[in-house]
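Asker: These are the residues of each chain, in order.
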Amino acid sequence: MTNVTDTPVTAAPLRPWMRLLARGVEAVIVTFARLVCAPRVTVTAPLTAGPTRVFFANHSSNADTILIWAAVPPELRATLRPVAAADYWLPKAVRRFLGLHVFRILPIQRVAAVRDTDPVAQMAAAVDAGSSLVIFPEGQRNRGEAELLPFKTGLFHLAEARPDVAFVPVWIGNLNGVLPKGERLPVPLICTLTFGAPFQHEDGETKEAFLARARAALLALRDEGA
Amino acid sequence: MAFELIVLFGGLFLVLILASGIASVLADRAQTDPDVVANLTDRIRAWWGMIAILGVAFLLGDVGLVVLFAVCSFACLREFLTLVDRKQADHMALALSFLVVLPVQYVAVGLGWYGFYAVFVPVYVFLVAPILSVVRGETEGFLARVSQVQWALMICVFCISHVPALLILEIPGFDGRSLLLVAFLLLVVQASDVLQYTWGKMFGRRKLAPRVSPSKTWEGLVGGVLSAAVLGALLHGLTPFGPFWAFVMALVAATMGAFGGLVLSAAKRDRGVKDWGHGIAGHGGFLDRLDGVAFAAPIFFHLTRFFWQSLA
Numbered sequence: 001m002t003n004v005t006d007t008p009v010t011a012a013p014l015r016p017w018m019r020l021l022a023r024g025v026e027a028v029i030v031t032f033a034r035l036v037c038a039p040r041v042t043v044t045a046p047l048t049a050g051p052t053r054v055f056f057a058n059h060s061s062n063a064d065t066i067l068i069w070a071a072v073p074p075e076l077r078a079t080l081r082p083v084a085a086a087d088y089w090l091p092k093a094v095r096r097f098l099g100l101h102v103f104r105i106l107p108i109q110r111v112a113a114v115r116d117t118d119p120v121a122q123m124a125a126a127v128d129a130g131s132s133l134v135i136f137p138e139g140q141r142n143r144g145e146a147e148l149l150p151f152k153t154g155l156f157h158l159a160e161a162r163p164d165v166a167f168v169p170v171w172i173g174n175l176n177g178v179l180p181k182g183e184r185l186p187v188p189l190i191c192t193l194t195f196g197a198p199f200q201h202e203d204g205e206t207k208e209a210f211l212a213r214a215r216a217a218l219l220a221l222r223d224e225g226a
Numbered sequence: 227m228a229f230e231l232i233v234l235f236g237g238l239f240l241v242l243i244l245a246s247g248i249a250s251v252l253a254d255r256a257q258t259d260p261d262v263v264a265n266l267t268d269r270i271r272a273w274w275g276m277i278a279i280l281g282v283a284f285l286l287g288d289v290g291l292v293v294l295f296a297v298c299s300f301a302c303l304r305e306f307l308t309l310v311d312r313k314q315a316d317h318m319a320l321a322l323s324f325l326v327v328l329p330v331q332y333v334a335v336g337l338g339w340y341g342f343y344a345v346f347v348p349v350y351v352f353l354v355a356p357i358l359s360v361v362r363g364e365t366e367g368f369l370a371r372v373s374q375v376q377w378a379l380m381i382c383v384f385c386i387s388h389v390p391a392l393l394i395l396e397i398p399g400f401d402g403r404s405l406l407l408v409a410f411l412l413l414v415v416q417a418s419d420v421l422q423y424t425w426g427k428m429f430g431r432r433k434l435a436p437r438v439s440p441s442k443t444w445e446g447l448v449g450g451v452l453s454a455a456v457l458g459a460l461l462h463g464l465t466p467f468g469p470f471w472a473f474v475m476a477l478v479a480a481t482m483g484a485f486g487g488l489v490l491s492a493a494k495r496d497r498g499v500k501d502w503g504h505g506i507a508g509h510g511g512f513l514d515r516l517d518g519v520a521f522a523a524p525i526f527f528h529l530t531r532f533f534w535q536s537l538a
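So the protein sequences, as listed, match chains P and B. Residues 1 to 226 in my numbering are what the first sequence spells out, letter by letter. Residues 227 to 538 in my numbering are what the second sequence spells out, letter by letter.
A hint or two may mislead.
With the C-beta cut set under 7 Å, the calculated list includes, among others, these residues of chain B facing chain P [claimed, not checked]: (1) T308; (2) A321; (3) F324; (4) K500; (5) H504.
Using 25 Å as the maximum straight-line C-alpha spacing, the simulated SDA-like pairs for lysine to any residue come out as follows [what the hints assert, rightly or not]: (6) B:K500 x B:V263; (7) P:K181 x B:W444; (8) P:K181 x B:V360; (9) P:K152 x P:E202; (10) B:K500 x P:N176; (11) P:K181 x P:V94; (12) B:K313 x P:N62; (13) B:K500 x P:D223; (14) B:K500 x P:P39.
With beta-carbon atoms standing in for the labels, derived distance ranges [as the list claims (entries may be wrong)]: (15) B:S246 x P:T48: 27 to 35 Å; (16) B:G363 x P:Y88: 31 to 39 Å; (17) P:A45 x B:A253: 26 to 34 Å; (18) B:V326 x P:A216: 29 to 37 Å; (19) P:P16 x B:W377: 51 to 59 Å; (20) B:F239 x P:P163: 56 to 64 Å; (21) P:R23 x B:G247: 40 to 48 Å; (22) P:R23 x B:L369: 21 to 29 Å; (23) P:V25 x B:K433: 49 to 57 Å.
If you're looking for bench data, these hints aren't it; they were derived computationally from the structure. Just so it is clear, CB atoms sit at the ideal spot from N, CA and C, and this is done for glycine as well.
With these hints in hand, go ahead and build the complete structure from the sequences.
Answerer: What follows is the structure, given as structure tokens:
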């Protein structure tokens, strides 16, 4: 089991009026995202706030995180922590507020050289605290023609550290058409979010086998959602 | 006019109450297929919603109807453009379809600026949209891509905007009653759809176009369209037409609506989908509900304008 460090996984509590502001901003962003993307959500298991899950999705647009976060029911959203890049979200005040208090991201350090915390330990700690995670195992935005980039290994290490946690594949369709790379104006096309069946790390399953299984589960949804 | 609208919506609610009653009787009967009843219940519930929203729009008057149909156009355009062949080169044409074409068309309709809204999409947008795509240099599938955007805009924006455009017609002796003409058109086209289904279920034998729409039959089409035309004649009080011409106009609108549904079904088959969207429970998308209206509205508008406004 990976050691859990003392890294704080939740932001410092806010003053009441700031908390109110954060929830107000949340309502505005959720409404806007739903208006622009009209997300069509297909589920295999109900999206309740209940059990802790790790949602992993294909990453083709900067809006991926926001779309998943906005499309799920509010009770689930309240426990949801999108795993996101600390170097993007934390330095600037407004983005930091949005990241930590509106989207409730779990900020991780992308560059190993400057890392003072272990992302897997951070994710495990968040899961232990009862949060569900959103993670993009490709590690970067898919800018090319490939349907899905190779997965980073973090997904496996988390699964191995927390074998009782359910992993749920989420295929995001069409979002790249809404805002392709390099474009500024979004086109309000209908997006699809297909949530697959939850699965767990099996005892003794190798890194390759687990990641291949996760990848296949995600790709299977692409054909289903289309 | 208020009296006619109250009677009209009162009548519609009575029909819906009857339909809901029949559906609940069907649901209690053991031998009926629960999926069919569930879909019927969804459809009827959606009709309650749609008629309630339409009622509110009528209460708000001209502005309410223009806004309602602008929203419907937006939803249809979104459904259509989601399914077209597109490349990133078309992004600007797509974005401006929503941001500029749709609002400009509806503002022009709202202002009654006929000389502009009648040509804006078929002339200006028709020519400018492919220019926006071509400057990005992508030639693969070019003709198909630009045609599909033009089709989407013609059907979803231009054609549907002709429903509220009816409000601006100035028909001698029909002042201030043009809301009723909108109600007449919508009622005839939607009733024709329901009646075609009913006639088809009861007497349908010969398939109309089995590869396009396996459930549609000639008996359903003819029976549905003719009975919608009779309904139109009965509702002639809503129009400036008189009973006979109300029958003819309803016949034209219902026929256009029926074949419009067929044309857009073929488009759905081509795109490999069963429904345009998922916005209206039991019905599919907005365009599934408005396909007939899109085909009927411009013809109905221009016939009315030509024979009752210009020639009068």
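Asker: Now tell me, hint by hint, if it's right for this structure.
Answerer: Okay, the hints, checked on the actual structure:
Annotation: interface hint on T308 of chain B holds; nearest CB of chain P at approximately 4 Å, less than 7 Å. A distance limit of 7 Å between C-beta atoms decides the matter here; for A321 of chain B the minimum to chain P is near 4 Å, and the interface restraint holds. For the restraint placing F324 of chain B at the interface with chain P, the shortest Cβ-Cβ distance is roughly 6 Å, inside the 7 Å limit, so the hint holds. For K500 of chain B, the interface hint is violated, the least distance from its beta-carbon to any beta-carbon of chain P being 13 Å, above 7 Å.
Taken as an interface hint, H504 of chain B checks out: its beta carbon lies about 6 Å from the nearest beta carbon of chain P, inside 7 Å. Taking the CA atoms of K500 of chain B and V263 of chain B, the gap is near 19 Å; set against the 25 Å cutoff, the hint holds. Between K181 of chain P and W444 of chain B the alpha-carbon distance is near 49 Å, which puts this suggested pair outside the 25 Å criterion. Simply put, K181 of chain P and V360 of chain B have alpha-carbon atoms about 19 Å apart, close enough for the 25 Å limit, and the pair holds.
At most 25 Å may separate the alpha-carbon atoms for a hinted pair to count; K152 of chain P and E202 of chain P meet this at roughly 19 Å. With a C-alpha separation of about 23 Å, the suggested pairing of K500 of chain B with N176 of chain P holds against the 25 Å cut-off. For the proposed pair K181 of chain P and V94 of chain P, the alpha carbon gap of about 23 Å is at most 25 Å, so the pair holds. A distance of roughly 19 Å separates the Cα atoms of K313 of chain B and N62 of chain P; the hinted pair therefore holds under the 25 Å criterion.
A threshold of 25 Å between alpha carbons decides the hint, and for K500 of chain B with D223 of chain P the separation of about 16 Å falls inside it, so the pair holds. At roughly 18 Å between alpha-carbon atoms, K500 of chain B and P39 of chain P fall within 25 Å of each other, so this suggested pair holds. In this structure the supplied range 27 to 35 Å holds for S246 of chain B paired with T48 of chain P, their Cβ-Cβ distance being about 31 Å. Checked against the hint of 31 to 39 Å, the pair G363 of chain B and Y88 of chain P passes, with Cβ atoms roughly 32 Å apart.
Between A45 of chain P and A253 of chain B, the C-beta spacing of about 28 Å keeps the proposed range 26 to 34 Å intact. The beta-carbon spacing between V326 of chain B and A216 of chain P, approximately 43 Å, falls outside the hinted interval of 29 to 37 Å. Checked against the given bound of 51 to 59 Å, the beta carbons of P16 of chain P and W377 of chain B, roughly 53 Å apart, stay inside it. Hint check: F239 of chain B to P163 of chain P, Cβ distance near 58 Å, so the stated range 56 to 64 Å holds.
R23 of chain P and G247 of chain B have their C-beta atoms about 43 Å apart, which keeps the hinted 40 to 48 Å range intact. At about 50 Å, the beta-carbon gap between R23 of chain P and L369 of chain B misses the expected band of 21 to 29 Å. Between V25 of chain P and K433 of chain B the beta carbon distance is about 55 Å. The supplied range of 49 to 57 Å therefore holds.
Checked against the numbered hints above, the structure violates hints 4, 7, 18 and 22; every other hint is satisfied.
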